[in-house]
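Please build the complete structure, drawing on both the sequences and the hints.
Quick note, our numbering runs 1449 ahead of the 1-based positions in the sequence shown.
What the hints contain is simulated information worked out from the structure, not anything from laboratory work. For glycine and all other residues, C-beta sits at the position ideal for the given N, C-alpha and C. Treat the hints with care, as some may be off.
In the BS3-like style, the derived pairs of lysine-lysine whose C-alpha atoms are separated by at most 30 Å in a straight line are [to be verified]:
hint	residue 1	residue 2
1	K1505	K1559
2	K1479	K1658
3	K1593	K1508
4	K1499	K1599
5	K1631	K1459
6	K1508	K1459
7	K1634	K1591
8	K1591	K1508
9	K1459	K1591
10	K1593	K1459
11	K1638	K1658
12	K1599	K1519
13	K1638	K1593
14	K1631	K1658
15	K1599	K1538
16	K1505	K1591
17	K1631	K1593
18	K1538	K1591
19	K1638	K1599
20	K1519	K1505
21	K1634	K1508
22	K1640	K1599
23	K1538	K1631
24	K1505	K1599
25	K1514	K1634
26	K1593	K1634
27	K1459	K1479
28	K1514	K1479
29	K1499	K1514
Computed Cβ-Cβ distance ranges for the label pairs, DEER-style [to be verified]:
hint	residue 1	residue 2	range
30	N1516	S1699	24 to 34 Å
31	Y1560	G1678	20 to 30 Å
32	K1499	E1714	48 to 58 Å
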Amino acid sequence: SLPVGGQTVKALVHFDRNGFGYTLDRTNGKVLVAQPYGPGVNWASSVDLKTGVPTKNPKFGTTAKNNTEKICPAAIGYKDQQPAAFSPKTNLFYVPTNNICMDYEGVEVKYAVGQPYVGAIVRMFPGPGGNRGRFIAWDATKGKVVWEDKEALAAYGGALATAGGVVFYGTMEGWLKGVDAKSGKELWKFKTPSGIIGNPMTFLAPDGKQYVAVLSGIGGWAGIGVAAGIGAEDPTAGLGALGAFGDAGSFTNQGGVLTVFSLPERVASK
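Written out as structure tokens, the structure is:
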């Protein structure tokens, strides 16, 4: 439950590919909050809270045989499959995001078994500011970013919020980072062997110790160039991903590795 508009509501919070963060009343589906969580969202200016329908900008609409330029966000979304995390201690959501825009040209296409069936030529590129990722803390009761940590590449893995006030997330370069839940200040980081698109997790082992683990291994849409060995010569390759992430191979390598960290014993206060 979250306090929205002076009332405590049973909420459902969703971060859509379209760049808007939605807070709904989960008992009836009513939209309570709908605000952009990514910079430069331009395909729509707002969302009607009564109907849930976005107010679209026709300048950035897509049509057949026309190349629409500088649409934000790109087809990969300001958030793709990477899950967010919630902390009941801060009442904030922690969201790994992409900062990618695109040019989009609709084309006629015939279905072929085993081939992507998209019907468009897509070229992705970095969004406002040039950084291709952000890790944000989001206040779902107001629809606003509380703090953000910018990333060179997309923050394409999941988030883990802990009771100790530390939030963990991974980067496509392979960094596992621990940040302060209230401020976003970086507290710790470790370079894993490959880009992280998996989800950090924590568990209490039979030995009584707490561990944090993450599976690294670059891939997915953003990492398709490295994972599939596609060169960056054509920015529309990889369904447009190479235009934005063609240099990902210079940051990290292929390979799946599970890395596990033990947390230090808590020191008793004197």
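Now for the hints, and whether the structure bears them out:
Only pairs whose Cα atoms come within 30 Å are accepted, and K1505 paired with K1559 is accepted, the gap being roughly 29 Å. For the hint linking K1479 to K1658, the alpha-carbon distance of about 43 Å lies beyond 30 Å, and the restraint is violated. Taking the CA atoms of K1593 and K1508, the gap is about 26 Å. The hint holds against a cut of 30 Å. Among the hinted pairs, K1499 with K1599 is inconsistent with the structure: their alpha-carbon atoms are about 34 Å apart, more than 30 Å.
Restraint check: the Cα-Cα separation between K1631 and K1459 comes to about 23 Å, which is no more than 30 Å; the hinted pair holds. As the CA atoms of K1508 and K1459 are separated by approximately 37 Å, the hinted pair breaks the 30 Å bound. Between the alpha carbons of K1634 and K1591 the distance comes to roughly 22 Å, so the proposed pair stays at or under 30 Å and holds. With a CA separation close to 28 Å, the supplied pair K1591 and K1508 stays within the 30 Å bound.
Distance check on the hinted pair: K1459 and K1591 sit about 15 Å apart at the alpha-carbon level, within 30 Å; holds. For a cut-off of 30 Å, the pair hint linking K1593 to K1459 stands: about 19 Å separates their Cα positions. Restraint check: the Cα-Cα separation between K1638 and K1658 comes to about 20 Å, which is no more than 30 Å; the hinted pair holds. Distance restraint check for K1599 and K1519: the Cα-Cα separation of roughly 21 Å lies within the 30 Å cut-off, and the hinted pair is therefore satisfied.
With a C-alpha separation of about 27 Å, the suggested pair K1638 and K1593 falls inside the 30 Å cut-off, and the hint holds. Our distance criterion of 30 Å between C-alpha atoms is met by K1631 and K1658, whose separation comes to about 25 Å. For the hint pairing K1599 with K1538, the CA-to-CA distance comes to about 24 Å; that is within 30 Å, so the pair holds. A hinted pair counts as satisfied when its Cα atoms are at most 30 Å apart, and K1505 with K1591 qualifies at roughly 22 Å.
The hinted pair formed by K1631 and K1593 meets the criterion: a straight-line CA distance of about 14 Å does not exceed 30 Å. Of the supplied pair hints, the one linking K1538 and K1591 holds, its CA atoms being roughly 17 Å apart against a limit of 30 Å. Distance check on the hinted pair: K1638 and K1599 sit about 15 Å apart at the alpha-carbon level, within 30 Å; holds. Our distance criterion of 30 Å between C-alpha atoms is met by K1519 and K1505, whose separation comes to about 15 Å.
For the given pair, K1634 sits about 38 Å from K1508 by alpha-carbon distance, which is inconsistent with the 30 Å threshold. Under the criterion of a C-alpha separation no larger than 30 Å, the hint pairing K1640 with K1599 is consistent with the structure, at around 17 Å. With a CA separation close to 10 Å, the supplied pair K1538 and K1631 stays within the 30 Å bound. For the given pair, K1505 sits about 28 Å from K1599 by alpha-carbon distance, which is consistent with the 30 Å threshold.
For a cut-off of 30 Å, the pair hint linking K1514 to K1634 is broken: about 46 Å separates their Cα positions. Between the alpha carbons of K1593 and K1634 the distance comes to roughly 18 Å, so the proposed pair stays at or under 30 Å and holds. For the suggested pair K1459 and K1479, the alpha carbons sit about 11 Å apart, so the restraint of at most 30 Å is met. Taking the CA atoms of K1514 and K1479, the gap is about 37 Å. The hint is violated against a cut of 30 Å.
For the given pair, K1499 sits about 34 Å from K1514 by alpha-carbon distance, which is inconsistent with the 30 Å threshold. Separated by about 29 Å at the C-beta atoms, N1516 and S1699 satisfy the suggested range of 24 to 34 Å. Roughly 26 Å separates the CB atoms of Y1560 and G1678, a value that falls within the hinted 20 to 30 Å. Range check, K1499 to E1714: about 54 Å between beta-carbon atoms, so the 48 to 58 Å window is met.
Consistency with the previously given hints fails for numbers 2, 4, 6, 21, 25, 28 and 29, ordered from lowest to highest.
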